[in-house]
Amino acid sequence: MNNDKPILEIEDLCVYFKVREGRRELRAVDGVSFSIGRSESLGLVGESGCGKSTVGNAIIGLTPIHSGHVRFDGKDMAGVSGRAQKRFRQQAQMIFQDPFGALNPRMSVGSSIREVLNVHKLVRGRSAQEARVAELLKAVGLEPEYAWRYPHEFSGGQRQRIGIARALALRPALIIADEPVSALDVSVQAQILNLMKELQEKMGLSYLFIAHDLAVVRYMCDRILVMYLGKIVESASSSELFARPAHPYTEALLSAVPDVDKGMRSRKNGSRRIVLNGDVPSPTETIPGCPFHPRCHRAKDICSRKVPETHKLGKGHVSVCHFAEELAG
Amino acid sequence: MSNDGNLLQVNDLKVWFGSPKDPIRAVDGITFSVHEGMTVALVGESGCGKSVTAMSLAKLVPSPAGFYAGGEILFDGRDVLKMTDKQLTEVRGGSISYVFQEPGSALNPVFRIGYQIGEAVKLHRRDADTHAETVKLMSMVGLPDPETRMKAYPHELSGGMQQRAMIAMALACRPKLLVADEPTTALDVTIQAQILELLKSLQADLGMAVLLITHNLGLVADIAHFVNVMYAGRIVESGDVEDVLMRPAHPYTRGLLDAVPRLENEGKKMKGIDGSVPHPGRLPQGCKFWPRCPKAQEACRGEEPGITTTDATEKRKPHSFRCYFPL
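Just so you know, the sequences run in chain order D and F.
Numbers 166 to 494, taken from the working numbering, label the letters of the first sequence in order.
Numbers 7 to 333, taken from the working numbering, label the letters of the second sequence in order.
Among these hints, one or two may not hold up.
[What the hints assert, rightly or not] As a list, the in silico EDC-like pairs of lysine to aspartate or glutamate whose alpha-carbon atoms are at most 16 Å apart:
{"hint": "1", "chain 1": "D", "residue 1": "K433", "chain 2": "F", "residue 2": "D246"}
{"hint": "2", "chain 1": "F", "residue 1": "K65", "chain 2": "F", "residue 2": "D91"}
{"hint": "3", "chain 1": "F", "residue 1": "K275", "chain 2": "D", "residue 2": "E366"}
{"hint": "4", "chain 1": "D", "residue 1": "K396", "chain 2": "D", "residue 2": "D195"}
{"hint": "5", "chain 1": "F", "residue 1": "K275", "chain 2": "D", "residue 2": "E363"}
{"hint": "6", "chain 1": "D", "residue 1": "K433", "chain 2": "F", "residue 2": "D91"}
{"hint": "7", "chain 1": "F", "residue 1": "K277", "chain 2": "D", "residue 2": "E363"}
{"hint": "8", "chain 1": "D", "residue 1": "K251", "chain 2": "D", "residue 2": "E280"}
[Unchecked claim] Under 7 Å between C-beta atoms, here's a sample of chain D residues computed to sit facing chain F:
{"hint": "9", "residue": "S320"}
{"hint": "10", "residue": "S352"}
{"hint": "11", "residue": "A421"}
Derived by calculation from the structure, the hints in this document are not laboratory data.
Positions of the beta carbon are idealized from the N, C-alpha and C atoms, including for glycine.
Take these sequences, add in the hints, and give me the full structure.
In structure tokens, the structure reads:
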């Protein structure tokens, strides 16, 4: 492997679904490009229905893509099949939101993890496999004896640890984590996030971290992409994005996070948060101009007429808004 | 009205499950109150007994699995636990109503939204014009275009809209107390912000009290006046939100605060609370939190600490906690 090149490059990825309603295609992901470096964590943020999970599914091949390239370690993986696909799936693993839904209730935890080893013929022989399972469970902070237990015997946080152990079984280079902590209690969220960070340092993993809570993403990620209606509307390093958000949608997302410090401050000075009107519109609708303008608190005339261009603000900070420079200050 | 404007006064409430000989003590002697027009939060991790507490306020804990082993719930001066079924029917949905976590499963999928909201009006306010009242409720909670939306089925609405419909239903009888059990946990942050603003403005307009049940102290900072922190069936700390969040006394409250991801501490390692809430049937000796507590000492394993209360001042309610070594 070459160490300077990004582990994953996505170029102009489009995922369309056919819908009967209006006989149009639904553009769930519409021209998304990004790359993830080795041992880097990239955050993908947006509301439900913005297409962020579809990006994850499309990368790993769970959803057929319409056009675009998915390059893993320099090789194009879009639409590959057979041995090459199997090899890719070993290298790129997924962690899901609902760990209970992701585990077979009728298989013990040990057999769930062993199944992965069997499919990819990575570790052969029962005793060698059992040793590997024990090692994995220890790595995620569980007792090796838990291999004999079933998913219902565990709490939500423990199940998510099992999901992580299974993802690690094949020694992947990239992990796609789709809302891995949003179903968990805050106290347990912190445990899982710390575990994921620790594993990253130990094993040099790269993460694509998909979530809707910016505070969580900031903790985990070096860089953040903000997605709205199938498109990336802003991307920047975490510190840059939080210091100088250059898209009104990012501003609104930041303002919506329930934060203790902010809450206490607004009690004192009565500051109010930006509340977005309405929901994410259906991706089958055509919105003239900027797709965000009907919900935008800064919308002006031009926004409903002209599609905004990509504004480069330096230091890799990019925003798709007519007023990007003004906002960034 | 009795109890100095206390709408709800819960005294030493015990809700146990299983056999009376060897009960599982889900809620074990909690005391708290809700003043008229105030927002009180009940905070804790899954399994700490906060939802059981919420259910018991309208005597909704399923029997015979669960039973009330002691204490009283005074609502408007009357003990809910001693009410007849007929009186309870009036209280449920009438003066105490609920909003639950998952609007998708709390709504009936085969009835139209308008019918479901109107049902509550029909049940409790026979003289009202159901249709007009439903439209009014729907516009009150910000469901756009009520006349057409009434005909929609739950699956045709988004999560945020479903939660608005649930709130409309809960408000149908102008309750004095709204119990919101994790009302925004299943929603996106942006929609969560909408629902919180809605609850705040409705409370200001209608003057109802809100009991907010949540595991997120970020929400508490945003909307509540008074907070009770629950652990293993007990209230371990309570006080004004400013007091508790700025100067927590109990290590558990500190732990919960540290676990909330903050926007402002970049790069700092997040602290979770090690381990998980003990099963209510297998509680440790002494302070229930000591196995997970970073400050635990020998004394914590002996006798369970009692409640320490600081003096109330004119402006502040007393700040109380159960800990031998407060921070």
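Numbers of unmet hints, in rising order: 6
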